[in-house]
Structure formats: structure tokens, C-alpha cells
Amino acid sequence: MNNFDIFNGDADGLCGITQLRLARPRQSTPITGVKRDNLLLNDAMLPDNSQLTVVDISLHSNVRGLTQALSQGCVVEWFDHHHSGVIPEHRNLTAHIDTDPTVCSSLVINKLLKNRFRHWAIVAAFGDNLSESAHALAATSDMPQKTLETLKDLGVCINYNSYGTSIEDLHYHPETLYHMMQAFDEPINLVAETKLLPELKGNYEADLIAARGATIDAINEYVAVVTLPSTAWARRINGLYANELSNRFPERAHAILIEQVSGFAVSIRAPKSNPLNAHQVALKFETGGGRHAAAGIQHLTADRINNLVNELMRHYCPR
45 MNNFDIFNGD ADGLCGITQL RLARPRQSTP ITGVKRDNLL LNDAMLPDNS
95 QLTVVDISLH SNVRGLTQAL SQGCVVEWFD HHHSGVIPEH RNLTAHIDTD
145 PTVCSSLVIN KLLKNRFRHW AIVAAFGDNL SESAHALAAT SDMPQKTLET
195 LKDLGVCINY NSYGTSIEDL HYHPETLYHM MQAFDEPINL VAETKLLPEL
245 KGNYEADLIA ARGATIDAIN EYVAVVTLPS TAWARRINGL YANELSNRFP
295 ERAHAILIEQ VSGFAVSIRA PKSNPLNAHQ VALKFETGGG RHAAAGIQHL
345 TADRINNLVN ELMRHYCPR
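Every number in the working numbering is 44 more than the matching position in the sequence shown, counting from 1.
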């Protein structure tokens with residue numbers, strides 16, 4: 045049987061598949077990409093009767109690919125926390141999906157594995173800006189504070205590496221990280237034995253300084269919009285900058301717009317104080333999707349920016 049690991053190239057996808065492969069070693073072909081490449085299963089050409097492990101990919105966005113895979117006799121195990129839509133009932137599909145805003149895909153997997161590789165799940169939770177969940181899981185293990193801070197940096201930096209329009213925007217191909225991370229039962233050993241963290245952290249900090257120079261258009265105290273230029277640094281940092289703004293202004297929803305040909309890519313963050321329905325905002329637009337706390341729109345034309353602002357205000361301004 046052909047085995048395929050299909051996963052988001054961000055911290056959650058990578059840490060999730062790392063946990064699974066450490067617990068269940070298997071020769072698999074990875075299928076991954078940049079964070080915004082959320083149609084991985086739809087776009088995959090798979091042999092009949094393959095075994096698929098899908099991590100941190102929206103079922104709702106990939107239902108066409110899932111239907112095709114099941115019709116080919118593939119066996120699919122799915123781990124996710126994004127909006128799923130209706131989950132098909134099929135004997136060859138096992139879905140582990142939890143859309144609670146305090147949960148990421150790696151936490152779903154950690155629960156299934158009974159904390160066996162919990163430190164990788166902590167890295168993922170920090171990467172997904174779920175600091176409270178990360179700290180709660182860390183409290184179940186005897187971890188020095190310095191180690192916890194290092195795992196936070198690792199999660200943020202692996203997640204930073206996933207943002208971009210294309211692989212060329214990234215510092216590391218997610219497939220490279222897939223192989224690198226599986227060599228370590230403990231993420232702290234990855235930090236100790238490779239140059240990954242200092243390399244990514246230096247680039248992350250430089251990009252963040254550039255983003256902080258952008259003008260923040262505060263529509264009101266509950267909604268803010270930032271526009272960044274069409275540059276590699278902006279494409280890399282937009283999601284992490286959105287997280288920083290959410291942490292600094294927890295009562296406010298944020299939209300980060302990245303200029304692209306004939307429009308914008310958009311990162312959306314619900315207020316930290318009310319981390320719900322960001323995906324519902326994004327789903328109002330053709331290329332939108334995501335989860336409660338964070339979502340995105342692949343392409344938004346300039347004439348629809350006001351529609352986006354209105355949706356944000358409708359969801360997050362008190363009435």
C-alpha cells in the first residue's frame with residue numbers, strides 16, 4: 045500500500061505529523077506546501093488504495109479531493125481543528141476534528157497519543173498563538189521555564205517559516221522540516237543539535253521590524269486593518285504580525301492585507317477576548333476559510349475591502 049502524509053506546512057501541521065510518525069513509524073511520501081496552500085488533497089494525484097494521513101488541512105476546503113480518494117479505495121485518517129462542514133460518513137474515513145478555539149490539530153493528536161510526545165504539541169500550540177493551551181499542557185510535565193520559552197520560540201519561528209505565496213518565499217521547505225523534525229523525540233534536542241532556531245529567529249525578527257513600520261488603520265476600537273506591500277518579507281510575516289497585534293490589543297479584531305496582483309491576500313484574527321467566528325467572516329468570501337480564532341482569504345479584490353470591514357464590524361462591534 046502507498047502511504048502519504050498530507051499536512052499543512054505550518055507549526056501545527058509539522059508538529060502534528062511529527063507526533064504521529066514518532067508514535068507510528070511508517071515510510072510515507074509527504075505532500076505539503078506553504079500555509080495558505082489549503083487545497084493539498086484536492087490537488088493531489090494519488091494511486092488507488094493508498095493510505096492517507098491528513099493533518100491540519102480543512103476538510104471543508106478539500107471535500108472534493110476526499111470524495112475522490114474514498115472512491116479510489118483510499119483509507120483516510122484526518123486530524124484537524126478548522127471548519128469542517130459536513131463530515132462524510134464512510135467506512136474508510138476516520139476523522140479526529142475538534143473546532144474548539146483553544147485546540148489545534150497537534151493537541152487533537154496529543155490527546156489521542158495520551159501525551160506521549162506532548163512537547164511537540166506544546167510547540168504547535170505556541171505556533172498557533174494558543175499560549176494558554178500551551179502553558180496548560182506544559183503544566184502536566186516537569187519542564188524548566190527556560191525550556192518552555194525555547195519551545196515557544198521554536199513554535200513561533202516554525203510557524204513564521206510557513207507563510208508565503210510560494211515555497212520561494214520561505215527559508216526552509218516544509219518537506220525539509222518534516223524530515224528534520226522526525227529525527228528528534230524531543231523538540232529541545234532539535235534546537236540543541238541544529239541551527240534551525242537561530243536562523244529562523246533572526247529572519248523573523250528582521251521581518252517583524254519591517255512590519256511594525258506599517259500604518260495601522262483603526263476603524264474603531266474593535267476593528268483594525270493593516271496593509272503590507274507585495275514583498276517576500278511581508279508575505280512571510282503577515283500572520284505572525286497579526287498574532288502580535290491580537291496579543292497587544294486583545295479586544296480588537298485585525299485584518300492584515302498583503303498586496304498581490306489585482307487584489308490582496310488577507311489574514312484575519314478574532315479578538316483574543318472573543319476568539320470566535322473568524323472563519324465565518326472569511327467564508328463570506330469565495331476563497332476564505334479557517335478556524336474560530338484565525339482565518340484567511342486567498343484573494344480579495346480592492347472593491348470588497350469595505351465588505352470585509354463591514355463583516356468584521358458586524359461580528360465584533362458591540363450592539
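Hints are not guaranteed to be accurate.
Here are the computed lysine-lysine pairs in the DSS-like style, where the Cα-Cα straight-line distance is at most 27 Å [unchecked claim]: (1) 316 to 328; (2) 239 to 190; (3) 245 to 328; (4) 155 to 190; (5) 190 to 245; (6) 316 to 155; (7) 158 to 190; (8) 196 to 158; (9) 190 to 328; (10) 196 to 239; (11) 196 to 316; (12) 196 to 245; (13) 196 to 155.
Simulated DEER-style distance windows between Cβ atoms [as the list claims (entries may be wrong)]: (14) 158 to 93: 38 to 48 Å; (15) 259 to 357: 26 to 36 Å; (16) 263 to 73: 13 to 23 Å.
Calculated directly from the structure, the hints in this document are not laboratory data.
Ideal Cβ placement from N, Cα and C applies to all residues, glycine included.
Checklist entry - Can the restraint linking residue 190 and residue 245 be considered satisfied, given a maximum Cα separation of 27 Å? => result 16 Å, holds
Checklist entry - Does the Cβ pair residue 158, residue 93 satisfy 38 to 48 Å? => result 30 Å, violated
Item to check | Restraint check for residue 196 with residue 158, where alpha carbons must lie at most 27 Å apart | outcome: 21 Å, holds
Checklist entry - Does the alpha-carbon distance linking residue 196 and residue 155 stay inside the 27 Å limit? => result Satisfied, since the Cα-Cα distance of roughly 20 Å is no more than 27 Å.
Checklist entry - Do the Cβ positions of residue 263 and residue 73 conform to the proposed distance bound of 13 to 23 Å? => result At roughly 46 Å between Cβ atoms, residue 73 and residue 263 fall outside 13 to 23 Å, so the hint is violated.
Checklist entry - Between residue 155 and residue 190, does the CA-CA distance stay at or below 27 Å? => result Given that 27 Å is the threshold and the Cα spacing comes to 25 Å, the pair holds.
Checklist entry - Does the structure keep residue 196 and residue 245 at a Cα separation of 27 Å or less? => result 11 Å, holds
Item to check | residue 239 paired with residue 190 [C-alpha distance capped at 27 Å] | outcome: Holds. Residue 239 to residue 190 sits at ~18 Å (cutoff 27 Å).
Checklist entry - Within 27 Å, alpha carbon to alpha carbon, are residue 190 and residue 328? => result 42 Å, violated
Next on the checklist: Hinted pair, alpha-carbon criterion (27 Å max): residue 196, residue 239. Please report holds or violated.
Outcome noted: 16 Å, holds
Checklist entry - Is the hinted pair residue 196 and residue 316 satisfied, with a Cα-Cα distance of at most 27 Å? => result With a Cα-Cα distance of about 18 Å, the restraint between residue 196 and residue 316 holds, given a limit of 27 Å.
Checklist entry - Is it true that the CA of residue 316 sits at most 27 Å from the CA of residue 328? => result Holds - the C-alpha atoms of residue 328 and residue 316 are around 21 Å apart, at most 27 Å.
Hints 3, 9, 14, 15, 16, counting from the list given before, are not met by this structure.
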